[in-house]
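Asker: So the protein sequences, as listed, match chains A and B.
When you line the first sequence up against this note's numbering, it's residues 4 to 413, in that order.
When you line the second sequence up against this note's numbering, it's residues 4 to 413, in that order.
For the record, the hints were derived by calculation from the structure and aren't laboratory data.
Intra- or inter-copy, both count: the list cannot distinguish identical chains.
Once the Cα atoms are required to be at most 30 Å apart in a straight line, the calculated DSSO-like pairs of lysine-lysine come out as:
id : residue 1 : residue 2
1  : 380       : 280
2  : 123       : 258
3  : 365       : 380
Because the structure is a prediction, the values reported are computed rather than measured.
Protein chains: 2
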Amino acid sequence: MSRRLAAEPAPDNIVSAAPRPGESRPAVSDVHRGPTGPIEVPSRLLMGPGPANVSPRVAAAQTLPLLGHMHPPFFRIMDEIQQGLRYVFQTDSPYTLLVSGTGHAGMEACIANLIEPGEKIVVGNKGIWGARVTDLASRYGADVIDLQTPPATAFSYETLEQAVTEHKPAVLFLCQGESSTGVHQNLAGLGELCRANGTLLLVDTVCTLGGIPLHADDWGIDAIYSGSQKVLGAPPGAAPLFFSERAFQKLRNRKTPVASYYFDLNLVGDYWGWFNKRFYHHTGMVSNWYGVREALAMTADEGLDHLWQRHGNCAQMLWGGLSSMGLEPLVEVEAERLATVNTIKVPEGVDWAAVNANAMSKYSVEIAGGLGGTVGKAWRVGIMGYNATPANVELVLAAFRDGLRQQGRL
Amino acid sequence: MSRRLAAEPAPDNIVSAAPRPGESRPAVSDVHRGPTGPIEVPSRLLMGPGPANVSPRVAAAQTLPLLGHMHPPFFRIMDEIQQGLRYVFQTDSPYTLLVSGTGHAGMEACIANLIEPGEKIVVGNKGIWGARVTDLASRYGADVIDLQTPPATAFSYETLEQAVTEHKPAVLFLCQGESSTGVHQNLAGLGELCRANGTLLLVDTVCTLGGIPLHADDWGIDAIYSGSQKVLGAPPGAAPLFFSERAFQKLRNRKTPVASYYFDLNLVGDYWGWFNKRFYHHTGMVSNWYGVREALAMTADEGLDHLWQRHGNCAQMLWGGLSSMGLEPLVEVEAERLATVNTIKVPEGVDWAAVNANAMSKYSVEIAGGLGGTVGKAWRVGIMGYNATPANVELVLAAFRDGLRQQGRL
Chain A
4 MSRRLAAEPA PDNIVSAAPR PGESRPAVSD VHRGPTGPIE VPSRLLMGPG PANVSPRVAA
64 AQTLPLLGHM HPPFFRIMDE IQQGLRYVFQ TDSPYTLLVS GTGHAGMEAC IANLIEPGEK
124 IVVGNKGIWG ARVTDLASRY GADVIDLQTP PATAFSYETL EQAVTEHKPA VLFLCQGESS
184 TGVHQNLAGL GELCRANGTL LLVDTVCTLG GIPLHADDWG IDAIYSGSQK VLGAPPGAAP
244 LFFSERAFQK LRNRKTPVAS YYFDLNLVGD YWGWFNKRFY HHTGMVSNWY GVREALAMTA
304 DEGLDHLWQR HGNCAQMLWG GLSSMGLEPL VEVEAERLAT VNTIKVPEGV DWAAVNANAM
364 SKYSVEIAGG LGGTVGKAWR VGIMGYNATP ANVELVLAAF RDGLRQQGRL
Chain B
4 MSRRLAAEPA PDNIVSAAPR PGESRPAVSD VHRGPTGPIE VPSRLLMGPG PANVSPRVAA
64 AQTLPLLGHM HPPFFRIMDE IQQGLRYVFQ TDSPYTLLVS GTGHAGMEAC IANLIEPGEK
124 IVVGNKGIWG ARVTDLASRY GADVIDLQTP PATAFSYETL EQAVTEHKPA VLFLCQGESS
184 TGVHQNLAGL GELCRANGTL LLVDTVCTLG GIPLHADDWG IDAIYSGSQK VLGAPPGAAP
244 LFFSERAFQK LRNRKTPVAS YYFDLNLVGD YWGWFNKRFY HHTGMVSNWY GVREALAMTA
304 DEGLDHLWQR HGNCAQMLWG GLSSMGLEPL VEVEAERLAT VNTIKVPEGV DWAAVNANAM
364 SKYSVEIAGG LGGTVGKAWR VGIMGYNATP ANVELVLAAF RDGLRQQGRL
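Isolated chain A, as found in the complex (with noise of 0.2 Å):
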């Protein structure tokens, strides 16, 4: 056998870079050469509706050297996140994963897979979320009984229990905190009401996951979806998700295959272990799951009853601010009012674009205006994970009374 050096130059006939037969190769062009320059991002305090900051613990988690995306390391870290999920959840289920992708990546995940074409879906629809599930199970076949409340309200549970007894429908979509709004949906008895009624209970939990009380298995909740971005405090492009052994039994019986690919949890379930095996499907997003992992150590490590106390004192803190300032929530009803998302009526006459402006050129905080049916008529503050501290909320409250006083209205 050869002993050539290593570093001898191949052979001409092993690889070459020379046009293949026939193929045109033009000089590149510079015309687009670029970006330039390192990138520039400025520092400010997210005090909207998401994403939020995240702790210097999970930045520099991002840092650590890249491992493959089938390496036993990996899947080791795989596991402790669906540990951590099973916590923050509040589940045994063994049926939990990060989809790859943004909370949106989670919702249509669970659509693609709890509904057949031609089923029903109930979508329990009080603002920007439910309207985007009645698109998205349109788009998967399904039969979509829309069902709307007056603006900045919750749905009862009497008409939740109407639509479901009469419809029977195979999904229930209900979103425990519409960030559109401000409005925390209860959850009360709908385990049970789906139950009698071969009914799958799916929730968003986008914006409240670690924020507000969830109990998944003793709620009887079948499937949940949220956002890496936002209590969680991890960068966003992770959904983590929840099924129950009732949604994993629908999704191994169904009749029909799913119509995604990327997401079909048969095969994204199978890179995560949910059949025993490790199979891969897709590049796991090997970073940012880092960085999920280290924010969900740190919720462990803080502890879920902590943390929905933490935020509930700052929403409290705000509220106290806010009201001293004559400002008002938005929503009516107290019992509906969530405390991650806070929405604050805009006083007649008030500019409230300037009040954000002034908010983010003085003092580089973000604090939001209304999204879809209330833009124009609220603002929105966000209380979420590592931003959910007294001062911050100071500073909030600092930029809302300069930006008051700037029109006169303090």
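The hints should help you fit chain B onto chain A, whose structure is shown.
Answerer: Same frame as chain A, but now just chain B:
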């Protein structure tokens, strides 16, 4: 107007953490509380087919402060990414963006948007990626013509010409670099062929973009998707995408809605400014895109000519060393060998897995086995981006030499 202190608690009727009517609040279960402690990530040199390691500059960018996904400074970063993509794709087309997902998400976005149910696609299927497109296109209702080649070979122009003229498909799919076999597909003349037959030319460049020549405009390509985690040298999670004007017109003139919401490029494109505004579709992957922006800036700094040459030189050096050990390429035809994923025949009687295991345990170097049809028949060595250096090639060669010696083969 009231002048109470901001920190004063809100009146009880503003927001409360009390249970909602009828809501059960079980104690928080600590059964799955975790994970605990800091994340543990070993340091490895990833010389398989990807992901590859990222540069310190790219890794550090991910720790920069998060911006909102609709903030003007973030839109500027998205603009810079689109400029960088135009350069690496070598196109003047305004239609570039990152799909918020891995390479497979790019694949699904292309199929979902370019094919309407019942339309024909000719899939140039020479391994795993062709097979996946076949599966995926079937889910989207395409009439799939599954064109196959003998193992580890590319398609001849004549074969493709026959298929396209016979079927006049809506789309011809080809994979520039089939990473399961290490085969490079010559794209010469296919743009003209497709234009003459009313066909859109769709090319997978997941393992090739930036590593070997590609000229989207000059070669008449209509749609391309790629992955961030290979030659580009960013973490996994973003799929660069390119549409020509023809592909864009196909999208705008669809008779049926795109079956996926998350991948609907009418909406995703709207977020990226394809329609001269910015409309919220989903939350962009802020930190990940910072990394992509820096990776593209490093690409522009180096220049495509130099980058392609560096990959070719490293592949030459790799084969020089492998030849000296008596190892041979899996791909018979010289013009069909890929510089970015090199496939090496496993000699009769050699335990390939033991070589890989030794490389990992002794040198922390990843050498990959085969995938799909090449399992047990080939090793795969990636020459990708930040990892494409003589030092890394030497380490791979040392690992091969040591592994073969252990089996008495050197």
